[in-house]
Each structure stands twice: as C-alpha cells, then as structure tokens.
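Protein chains in written order, with this note's numbering: chain V, 1 to 205; chain Z, 1 to 205; chain S, 1 to 205; chain F, 1 to 205.
One should not assume that every hint holds.
The list cannot tell twin chains apart, which means a pair is met if one copy fits it or any two copies do.
[Claimed, not checked] Listed next, the in silico BS3-like pairs over lysine-lysine satisfying Cα-Cα at most 30 angstroms (straight line):
#1 K70 <-> K31
#2 K31 <-> K149
#3 K3 <-> K31
#4 K149 <-> K3
#5 K3 <-> K70
#6 K70 <-> K149
Everything labelled a hint here was simulated from the structure, so no lab data went into it.
There are 4 protein chains.
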Amino acid sequence: MTKSRLEAFSDGVFAIVITLLILDVRFPADKPLTWETLRRVTPHLWAFALSFVIVGVYWVSHHNMLHFIKQVDRQLLWLNLALLLLIVLIPFPAALLGQHPDSELAVMLYGVNLMLVNAAGTAMWLYAMSQPHLAADGIAAALPGFVAKLHSAPIVVYGAAIALAHWYVPLGLILFAAVPAFFILPNPFIDRRLRAAMGASHAQK
Amino acid sequence: MTKSRLEAFSDGVFAIVITLLILDVRFPADKPLTWETLRRVTPHLWAFALSFVIVGVYWVSHHNMLHFIKQVDRQLLWLNLALLLLIVLIPFPAALLGQHPDSELAVMLYGVNLMLVNAAGTAMWLYAMSQPHLAADGIAAALPGFVAKLHSAPIVVYGAAIALAHWYVPLGLILFAAVPAFFILPNPFIDRRLRAAMGASHAQK
Amino acid sequence: MTKSRLEAFSDGVFAIVITLLILDVRFPADKPLTWETLRRVTPHLWAFALSFVIVGVYWVSHHNMLHFIKQVDRQLLWLNLALLLLIVLIPFPAALLGQHPDSELAVMLYGVNLMLVNAAGTAMWLYAMSQPHLAADGIAAALPGFVAKLHSAPIVVYGAAIALAHWYVPLGLILFAAVPAFFILPNPFIDRRLRAAMGASHAQK
Amino acid sequence: MTKSRLEAFSDGVFAIVITLLILDVRFPADKPLTWETLRRVTPHLWAFALSFVIVGVYWVSHHNMLHFIKQVDRQLLWLNLALLLLIVLIPFPAALLGQHPDSELAVMLYGVNLMLVNAAGTAMWLYAMSQPHLAADGIAAALPGFVAKLHSAPIVVYGAAIALAHWYVPLGLILFAAVPAFFILPNPFIDRRLRAAMGASHAQK
Numbered sequence: 001m002t003k004s005r006l007e008a009f010s011d012g013v014f015a016i017v018i019t020l021l022i023l024d025v026r027f028p029a030d031k032p033l034t035w036e037t038l039r040r041v042t043p044h045l046w047a048f049a050l051s052f053v054i055v056g057v058y059w060v061s062h063h064n065m066l067h068f069i070k071q072v073d074r075q076l077l078w079l080n081l082a083l084l085l086l087i088v089l090i091p092f093p094a095a096l097l098g099q100h101p102d103s104e105l106a107v108m109l110y111g112v113n114l115m116l117v118n119a120a121g122t123a124m125w126l127y128a129m130s131q132p133h134l135a136a137d138g139i140a141a142a143l144p145g146f147v148a149k150l151h152s153a154p155i156v157v158y159g160a161a162i163a164l165a166h167w168y169v170p171l172g173l174i175l176f177a178a179v180p181a182f183f184i185l186p187n188p189f190i191d192r193r194l195r196a197a198m199g200a201s202h203a204q205k
Numbered sequence: 001m002t003k004s005r006l007e008a009f010s011d012g013v014f015a016i017v018i019t020l021l022i023l024d025v026r027f028p029a030d031k032p033l034t035w036e037t038l039r040r041v042t043p044h045l046w047a048f049a050l051s052f053v054i055v056g057v058y059w060v061s062h063h064n065m066l067h068f069i070k071q072v073d074r075q076l077l078w079l080n081l082a083l084l085l086l087i088v089l090i091p092f093p094a095a096l097l098g099q100h101p102d103s104e105l106a107v108m109l110y111g112v113n114l115m116l117v118n119a120a121g122t123a124m125w126l127y128a129m130s131q132p133h134l135a136a137d138g139i140a141a142a143l144p145g146f147v148a149k150l151h152s153a154p155i156v157v158y159g160a161a162i163a164l165a166h167w168y169v170p171l172g173l174i175l176f177a178a179v180p181a182f183f184i185l186p187n188p189f190i191d192r193r194l195r196a197a198m199g200a201s202h203a204q205k
Numbered sequence: 001m002t003k004s005r006l007e008a009f010s011d012g013v014f015a016i017v018i019t020l021l022i023l024d025v026r027f028p029a030d031k032p033l034t035w036e037t038l039r040r041v042t043p044h045l046w047a048f049a050l051s052f053v054i055v056g057v058y059w060v061s062h063h064n065m066l067h068f069i070k071q072v073d074r075q076l077l078w079l080n081l082a083l084l085l086l087i088v089l090i091p092f093p094a095a096l097l098g099q100h101p102d103s104e105l106a107v108m109l110y111g112v113n114l115m116l117v118n119a120a121g122t123a124m125w126l127y128a129m130s131q132p133h134l135a136a137d138g139i140a141a142a143l144p145g146f147v148a149k150l151h152s153a154p155i156v157v158y159g160a161a162i163a164l165a166h167w168y169v170p171l172g173l174i175l176f177a178a179v180p181a182f183f184i185l186p187n188p189f190i191d192r193r194l195r196a197a198m199g200a201s202h203a204q205k
Numbered sequence: 001m002t003k004s005r006l007e008a009f010s011d012g013v014f015a016i017v018i019t020l021l022i023l024d025v026r027f028p029a030d031k032p033l034t035w036e037t038l039r040r041v042t043p044h045l046w047a048f049a050l051s052f053v054i055v056g057v058y059w060v061s062h063h064n065m066l067h068f069i070k071q072v073d074r075q076l077l078w079l080n081l082a083l084l085l086l087i088v089l090i091p092f093p094a095a096l097l098g099q100h101p102d103s104e105l106a107v108m109l110y111g112v113n114l115m116l117v118n119a120a121g122t123a124m125w126l127y128a129m130s131q132p133h134l135a136a137d138g139i140a141a142a143l144p145g146f147v148a149k150l151h152s153a154p155i156v157v158y159g160a161a162i163a164l165a166h167w168y169v170p171l172g173l174i175l176f177a178a179v180p181a182f183f184i185l186p187n188p189f190i191d192r193r194l195r196a197a198m199g200a201s202h203a204q205k
C-alpha cells in the first residue's frame with residue numbers, strides 16, 4: 001500500500017462523511033412549512049455545522065500527520081482503518097444530538113465518539129513515529145511528542161464537556177465547539193511551538 | 001496542504017453533493033404509480049435539476065478560482081472549508097423547495113443559501129488575491145476585481161429573486177435559473193472581458 | 001478545465017451513483033424476516049443489478065470516449081455535466097422499477113432516462129469529434145461515425161423495449177438487459193469493426 | 001482502461017460503501033433517548049462494525065491483487081465490476097443483520113454475499129494470472145496459487161458460519177468476525193508463506 005493510495009482513500013472517506021451529515025437535516029414531509037415548524041430543524045442544523053467543522057479539522061490533522069510519514073506498513077494501514085471507522089461513526093451520534101439537543105446522553109455519546117477518534121489518531125501517530133522506516137527523515141526530536149499532545153489534549157476537553165453537560169447541556173456543546181475553534185482560529189501558541197518543534201525540511205506544509 | 005490535495009477533496013465533496021440531490025426525488029412507497037400520482041414528484045425533479053446545475057456551476061467556478069491560486073495556506077484552507085460547508089447545505093433548502101414549491105419561505109431559504117455560497121466564494125477569492133504568496137504569478141491587475149464581480153453579482157440577483165417571490169413565487173424560481181444559464185450559455189460579454197482581464201500566461205485554462 | 005480533472009470528477013459521480021443504487025434495496029423495518037417477506041425485495045434487487053450494470057457500461061463508454069478527446073472546452077464541459085445529470089437521475093426510475101416491477105409506466109420512465117443518457121453521450125461525442133482542437137490526433141476517419149452509431153443504437157432498442165412493455169412488461173425488461181449484455185459479452189462484431197475504425201496510435205486502450 | 005483509472009474508480013466505490021454502512025445505524029425519531037431505547041441500536045452498531053472491517057479487508061485485498069497486475073483488459077474490467085457489484089450489495093444483508101440479529105436467514109444471506117465476493121475475487125485473480133499480458137513480470141510461480149487459496153479459503157469459513165448459525169446464531173457471527181481478524185492481526189503464517197511465494201521484485205508492497 002503506497003502512502004498516496006492510503007491518503008486518497010482516506011480523503012474519499014472524509015469527503016463522504018462530511019457530506020452525508022446533511023442527510024440528517026430533514027424537514028418532516030407532512031408538516032406545512034412555516035417559521036414555526038422550521039424551528040424544529042434548528043438543532044439538526046447546529047449538529048450538522050458542528051460535526052462538519054469537527055470532521056474538517058480531523059481531515060486537516062490526518063493530512064498533517066501523513067505529511068510526516070513517508071511509508072505505510074500493515075500495522076499503520078489497520079490503525080488508519082480503525083481511525084476511519086470512528087470517523088464514519090460520527091454521523092450517528094451527530095444525528096442523536098440533532099434529534100435530542102437537550103439530552104445529556106446524546107452529548108455523552110457524541111463526546112465519547114470524538115474521544116475515541118482522538119485516541120485512535122494519537123495511537124496511529126505514536127506508532128508511525130516509533131518506526132524509523134515509517135517516519136519521514138529529518139523530523140526534529142521534539143515534534144512527535146508535541147503533535148501527540150495536540151492530538152490527545154482534546155480528549156480531556158471532550159471529557160470535561162461530558163461532565164459539564166451533566167450539569168447543563170449547552171455548556172457541553174460550547175466546549176465541543178471550542179476545540180475546532182482552537183485549531184481553526186489563528187493560533188500563535190500552536191504556530192510558534194510547532195515551528196520550534198519542526199525540522200527545517202518540513203517547515204513548508 | 002498542497003493545492004492538489006485541496007482540489008481533490010473539494011472535487012469529491014462537489015461530486016457527492018451533486019449526486020446526493022437525487023435522494024430527494026422519491027415516489028411514495030404506498031401509492032399506485034400513475035401519471036396522476038407521478039405529478040407530485042415533478043417539483044422535486046425541478047428542484048433537483050436546478051440544484052444540480054447550480055452546484056455544477058459552483059464546481060466550475062471553484063476550479064477556475066484555483067487555477068489562479070498557486071499555493072494554499074491555513075486561512076485559505078478554512079475559507080475553502082467554509083465554502084464547502086455552504087455547498088453541502090444546499091440539498092436541505094433544495095429538498096424544502098421540492099416539498100413546498102409554492103412557498104415563499106422555501107424560495108427565501110434556498111436563495112439565502114446561494115447568497116452565502118457566493119459571498120464565501122468571493123471572500124476566498126479576494127483573500128487569495130490579496131496574498132502575493134498565494135496568487136499565481138503574472139495575473140493581470142484587472143483580473144481579481146473582475147472575477148470578484150462575477151462571484152458577487154449573483155448575490156444581487158438572488159436577493160431580487162427572494163423579493164420577487166414575495167410577489168409571485170415562480171418569478172423567484174426563474175431568476176434562480178437565470179444565474180447558471182448566464183454562466184453556462186455562450187457569453188461573449190464574459191469571454192471578452194475575461195480575456196482582457198487575464199494575463200497571457202493564463203489564457204489557456 | 002483539464003481533461004484529467006473532468007475525468008476524475010465524472011468518475012467520482014459514476015462511482016457514487018453506482019453505489020447509491022443499493023439504498024433502494026431495503027427490507028421493511030416492521031416485518032418479520034422470512035423467505036416469504038423477503039420475496040418483496042426481489043424486484044428491488046433486480047432493478048439494482050440491472051441499473052448497476054447499465055451505469056457500469058456507461059462508465060466504460062464515457063472513459064472510452066474521453067480516450068479520443070485530448071482537450072476540454074467550455075461547451076464540452078457543459079455537455080459532460082448534462083450527461084452526468086442524466087446519469088445521476090437513473091436511481092429515480094430504478095427505484096420506481098423496483099417498487100412497481102409490473103408497471104408499464106415505470107418501464108417507460110426508465111427507458112426514457114436511458115434514451116436521454118445515450119442521446120447526451122452521442123451529442124457530446126459528435127461535438128468533440130467536430131472540433132479539431134478537442135479530438136485526439138490521428139483518429140481514423142471512420143471512427144467518429146462508428147462510435148456515434150454504437151452510442152445511439154441503444155436508443156432504438158430502449159424505444160422498442162418501451163413499446164414491447166405495453167404488451168408484456170417482462171419483455172421490455174429483457175430488452176433493457178440485452179443492451180449491456182451486448183457490450184459486456186465478448187463481441188467479435190464490435191471488436192473487428194472498432195479495430196478497423198481506429199487509428200493505429202489508439203489501438204491500445 | 002488504464003490500471004490506475006480502474007484502481008481509482010474501485011477505491012471510490014469501496015470508500016462509498018464503507019461509509020454508507022453508517023446510514024443503517026439509526027435511532028427511531030419518535031422514541032425518547034434513554035439507555036434502554038438505545039439498546040435497540042446495538043445490533044445495528046455491531047453489523048456496521050463487522051461490515052466496515054470486512055469491506056476494509058476486501059479493499060486491502062483488492063489493492064494487493066492489483067499490485068501484481070500490470071494491465072487491464074476488457075474481461076478483467078468486467079470481472080472487476082462484477083466484484084464491485086457484490087461489494088456494493090453488502091449494505092443490504094448488513095442492514096438485515098442489524099434489524100434481525102437473531103435470524104438464521106439474515107446470517108445466511110450475509111454469508112452468501114461474502115462467499116460470492118470471495119468467489120468473484122478469486123475468479124478475477126485467476127483470470128489475470130492466466131494471462132501473461134496482464135500479470136506483472138517476475139511473479140514467482142507459487143504466488144498465483146497461494147493468493148487464490150487466501151481468497152477462496154474464507155468461502156469455506158463462511159459456509160461453516162452459515163451451518164453453525166442453523167444451530168446457534170451467535171456462533172455464525174463469531175466465525176464471520178474471525179475471517180477479517182485472521183487477515184488483520186499480525187499473521188506469521190501468511191507473512192512467511194507470502195514472502196516465500198513472492199518474487200523479489202514485488203517484496204515491497
């Protein structure tokens with residue numbers, strides 16, 4: 001399996017998941033269309049937008065990880081498929097969140113799905129970095145650990161979101177949204193540390 | 001993120017959205033199939049065809065934009081994902097339009113979605129053109145402004161469509177259809193201006 | 001628009017359509033699963049298999065057409081999108097055929113969809129061949145006409161299928177299946193004529 | 001048809017099938033969300049995970065097969081489409097298994113689908129290996145037979161799973177899961193034999 005095949009296949013799965021999310025934004029066929037009835041679709045729209053952005057961030061991280069991996073072996077292939085399985089799962093708790101926006105249980109399932117994705121991503125990264133024949137050449141010593149922290153830190157945040165949702169559900173949802181915002185908004189903290197951690201040869205991604 | 005990865009991912013999303021639109025053209029399972037009952041599917045068919053063509057035009061514009069962009073940075077990546085989010089949203093108001101073809105509200109939601117797509121596309125274009133390290137070399141001075149006008153002009157037309165639909169819904173739908181027709185039909189106005197605005201090095205796209 | 005982008009996008013749409021067809025093969029959620037109840041799914045399975053094979057043949061023909069086209073212009077791009085629109089439509093009459101396997105109307109709609117696909121394919125091919133800057137170099141004089149006949153001949157067969165279905169529906173379905181069989185099964189008639197019609201430079205596809 | 005086009009198209013179909021599987025994991029819209037009601041989704045989740053892994057293994061095998069094939073002809077193209085048809089079918093018995101996890105009939109249909117996939121894969125492989133203009137150069141004499149055994153052995157296991165399910169359904173499901181586990185888990189038996197069977201020139205895949 002070449003790296004580019006793996007990348008193309010994974011990109012395909014990401015593109016399909018991110019698009020399928022819209023299938024849960026549905027207006028009931030038997031209702032008249034008014035502002036009033038439309039309001040029921042709102043939580044589905046939020047669940048869609050949140051999940052789209054989260055899957056988008058995962059796609060970018062996946063791409064960034066593979067940038068530092070020069071080759072794919074059997075183990076990495078299956079770790080990648082395990083990661084994709086968890087990504088493909090996201091539309092299920094996303095639909096639950098759209099149907100039951102006030103449910104602590106829906107927040108929990110959504111959060112657990114995201115935690116598993118981040119755990120699988122971290123495992124895949126750490127495995128690749130531990131194998132000299134897989135990791136790209138000239139990676140600075142500090143990079144593997146720093147990226148592993150970036151991948152695993154959200155696990156703690158999602159855990160906190162689940163805990164806060166027990167108290168007040170919208171707080172959990174806000175924390176979910178905070179994670180992609182942290183990665184999307186210009187972030188001098190990450191940029192500086194990442195640049196420091198990166199070998200010169202990989203500065204341009 | 002290389003430009004070609006971004007392009008391939010975006011193309012995948014466009015291809016999936018354009019195909020998923022057919023999922024809303026459904027005949028009710030419990031009805032006998034006659035010309036009479038089939039007539040209920042007609043608005044769904046129109047909404048499908050209109051949306052297919054509109055998404056097709058967006059795909060071509062997206063491709064044309066990227067032709068003048070040589071590199072992708074973090075900001076452009078997220079602007080592109082924001083654009084894709086709005087593209088992925090289109091099947092939702094398209095389904096509403098198919099279900100409620102006489103509803104002013106459906107026309108409005110559809111129009112607002114399209115306006116947002118054009119606004120996001122214009123923003124992405126203007127951002128890329130404002131960054132010398134992203135814009136392709138040798139772009140004629142007049143091109144960025146001309147293309148920005150091409151991308152933002154439909155916003156006005158869609159606004160007019162919404163206003164006219166308040167009066168008489170089919171007028172709004174006709175205006176929606178007029179926008180892709182303007183871009184698809186041989187258009188000496190655009191061709192001449194575009195050729196004038198383009199640098200010689202980009203004449204062949 | 002380069003030819004390879006157009007090809008990749010079209011391939012994506014073909015791959016999605018051919019896969020979405022399975023979504024219509026559904027067992028009702030509220031029925032016990034027995035051989036008896038399962039029998040209701042059979043027409044959906046046939047409609048799926050027939051449509052899968054037909055779309056597969058269209059995919060191969062599309063690929064073969066593009067083999068003789070070296071460049072894409074604006075007109076060809078939109079002709080190609082028109083062809084894709086009709087391909088994307090196929091799951092709709094396919095679902096009708098699965099729901100109403102005995103309906104002459106379902107056979108007719110299915111047949112009309114296929115006729116339109118072949119007409120659009122023929123138009124796209126004839127346009128490309130009429131433009132010296134689009135057609136590949138060294139195409140033998142006889143090729144354009146021969147391929148146009150291959151693309152348009154099924155229109156007559158589908159028309160006959162519709163006419164026969166008026167009499168006895170299964171006859172129409174058998175004719176539908178005969179067309180892909182003609183293209184898939186080893187066919188010395190086509191092979192010999194195609195080899196004769198092809199320029200030596202294109203003998204290897 | 002070049003090999004890379006066939007590969008890209010097949011990869012697209014695999015990526016879509018593997019992702020569509022999630023569409024069957026649905027929580028009923030009219031039920032309150034509790035641990036109790038959620039339990040009904042569990043069999044759908046298992047059917048999803050099992051099918052995801054099985055399709056994943058098929059994707060990897062398909063890729064590995066194509067590694068030893070240097071060219072594609074008409075016959076191979078249609079054998080590949082027949083294989084894809086059977087892959088695209090998988091979500092149907094997978095949905096049945098999710099709906100009726102205790103049904104011997106569901107296990108049987110699922111198993112028959114998988115048997116057909118393995119039979120089609122074996123046929124495609126044996127055909128390619130029998131044609132000197134298709135098989136890659138320098139393939140060791142022992143490879144075709146060994147890979148054919150790897151592809152056809154699961155047919156026996158799936159048959160046994162169906163037979164055991166007649167007795168006790170979960171035994172059948174466990175055997176289904178055993179097949180991908182055998183291919184995914186580090187497997188010194190396969191590795192050693194495969195290395196022995198492979199020509200030196202293909203040792204790196």
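Okay, the hints, checked on the actual structure:
Taking the shortest alpha-carbon separations for K70 and K31, neither the intra-copy value of 54 angstroms nor the inter-copy value of 48 angstroms comes in at or below 30 angstroms. In the homo-oligomer, the alpha carbons of K31 and K149 never lie at most 30 angstroms apart, since the shortest distance is 48 angstroms inside one protomer and 40 angstroms across protomers. Taking CA atoms no more than 30 angstroms apart as the test, K3 paired with K31 passes in neither setting, with 49 angstroms inside one copy and 44 angstroms between copies. Taking the closest pair of Cα atoms, K149 and K3 come within 30 angstroms of each other both inside a single copy (24 angstroms) and across two copies (28 angstroms).
Proximity of K3 and K70 under a CA criterion of 30 angstroms is satisfied in both settings, with 7 angstroms inside one chain copy and 19 angstroms between copies. In this assembly of identical chains, K70 and K149 lie within 30 angstroms of each other by CA distance solely inside one copy; the values are 21 angstroms within and 32 angstroms between copies.
Comparing the model with each earlier hint shows violations of hints 1, 2, 3; every other hint is respected.
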